[in-house]
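Colleague: So the sequences go chain by chain: G and R.
Under this note's numbering, the first residue of the first sequence carries the number 1, and numbering increases by one thereafter.
Under this note's numbering, the first residue of the second sequence carries the number 118, and numbering increases by one thereafter.
Think of the hints as simulated: they come from the structure by calculation, not from any bench.
Note that the Cβ used here is the ideal one computed from N, Cα and C, for glycine as well.
A couple of the hints might just be wrong.
What the hints assert, rightly or not - Here are some, though not all, of the chain R residues that point toward chain G, as calculated from beta-carbon distances under 10 Å:
1. Phe206
2. Thr218
3. Gly224
Stated by the list, open to error - Derived DEER-like restraints, expressed as beta-carbon distance ranges:
4. Ser120/R with Asn17/G: 33 to 39 Å
5. Leu117/G with Lys173/R: 44 to 50 Å
6. Glu84/G with Gly126/R: 22 to 28 Å
To be verified - Calculated cross-link-like contacts (lysine-lysine; reagent style DSS-like; alpha-carbon spacing at most 30 Å):
7. Lys223/R with Lys194/R
8. Lys185/R with Lys40/G
9. Lys36/G with Lys19/G
10. Lys19/G with Lys223/R
11. Lys173/R with Lys41/G
12. Lys22/G with Lys40/G
13. Lys40/G with Lys223/R
14. Lys36/G with Lys177/R
15. Lys169/R with Lys36/G
16. Lys177/R with Lys40/G
17. Lys41/G with Lys169/R
18. Lys166/R with Lys36/G
19. Lys22/G with Lys166/R
20. Lys18/G with Lys36/G
21. Lys166/R with Lys223/R
22. Lys41/G with Lys185/R
23. Lys41/G with Lys19/G
24. Lys169/R with Lys194/R
25. Lys41/G with Lys166/R
26. Lys177/R with Lys41/G
27. Lys223/R with Lys177/R
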Amino acid sequence: ETGVTQTPRHLVMGMTNKKSLKCEQHLGHNAMYWYKQSAKKPLELMFVYSLEERVENNSVPSRFSPECPNSSHLFLHLHTLQPEDSALYLCASSQGILGTESTDTQYFGPGTRLTVL
Amino acid sequence: GDSVTQMEGPVTLSEEAFLTINCTYTATGYPSLFWYVQYPGEGLQLLLKATKADDKGSNKGFEATYRKETTSFHLEKGSVQVSDSAVYFCALSDRNSGYSTLTFGKGTMLLVSP
Numbered sequence: 001e002t003g004v005t006q007t008p009r010h011l012v013m014g015m016t017n018k019k020s021l022k023c024e025q026h027l028g029h030n031a032m033y034w035y036k037q038s039a040k041k042p043l044e045l046m047f048v049y050s051l052e053e054r055v056e057n058n059s060v061p062s063r064f065s066p067e068c069p070n071s072s073h074l075f076l077h078l079h080t081l082q083p084e085d086s087a088l089y090l091c092a093s094s095q096g097i098l099g100t101e102s103t104d105t106q107y108f109g110p111g112t113r114l115t116v117l
Numbered sequence: 118g119d120s121v122t123q124m125e126g127p128v129t130l131s132e133e134a135f136l137t138i139n140c141t142y143t144a145t146g147y148p149s150l151f152w153y154v155q156y157p158g159e160g161l162q163l164l165l166k167a168t169k170a171d172d173k174g175s176n177k178g179f180e181a182t183y184r185k186e187t188t189s190f191h192l193e194k195g196s197v198q199v200s201d202s203a204v205y206f207c208a209l210s211d212r213n214s215g216y217s218t219l220t221f222g223k224g225t226m227l228l229v230s231p
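Work the whole structure out from these sequences, hints included.
Modeller: Laid out in structure tokens, this is it:
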């Protein structure tokens, strides 16, 4: 148990569906992250939020839309996905202190296994 | 840009064998270095870390030393168990204001047989 939870753990959706992934951290951290893990590929950083402000968006298609309503919750809204978007989506959080250079440890949730039909 | 290179897997060992998984990195500045482990069907768990040159991270019998001169952070364990079967990821962390950015290797699968 890392203090980061993700729901649902498994999701199957059609290409025309709209769904959301949820992440919650119970660690009092200020930074949250979405990663994509596909078979045979390195982990890909998708989005970073620091104090609820998006600070990185690594060329992610607009069919993925993140939302960070507060420092404990992070969502990834999905719409009109493609089969190649099937992957394990991992959420992580880290301490993060604004104004301080940080190499803080990131703590990961268990992931959501997404299958797009 | 920064990069992390790990040995290709799978690594197949018998129980109680010695384990080494090689990891080298390329980075500007002075990153922190990490090993994460991923068990089947789960997310990544921090195994150990080192924040500066010559630091040794250790946990659950695993060790790795931050070697700046060889830009390496090799993972070792003296006697592996079946329960150590998992995928191991080496990573480095860049510094940013208020958050970190991890660069991962591709992962090395370890299979331990009884």
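Colleague: Honestly, which of those hints from before does the structure not fit?
Modeller: Violated: none.
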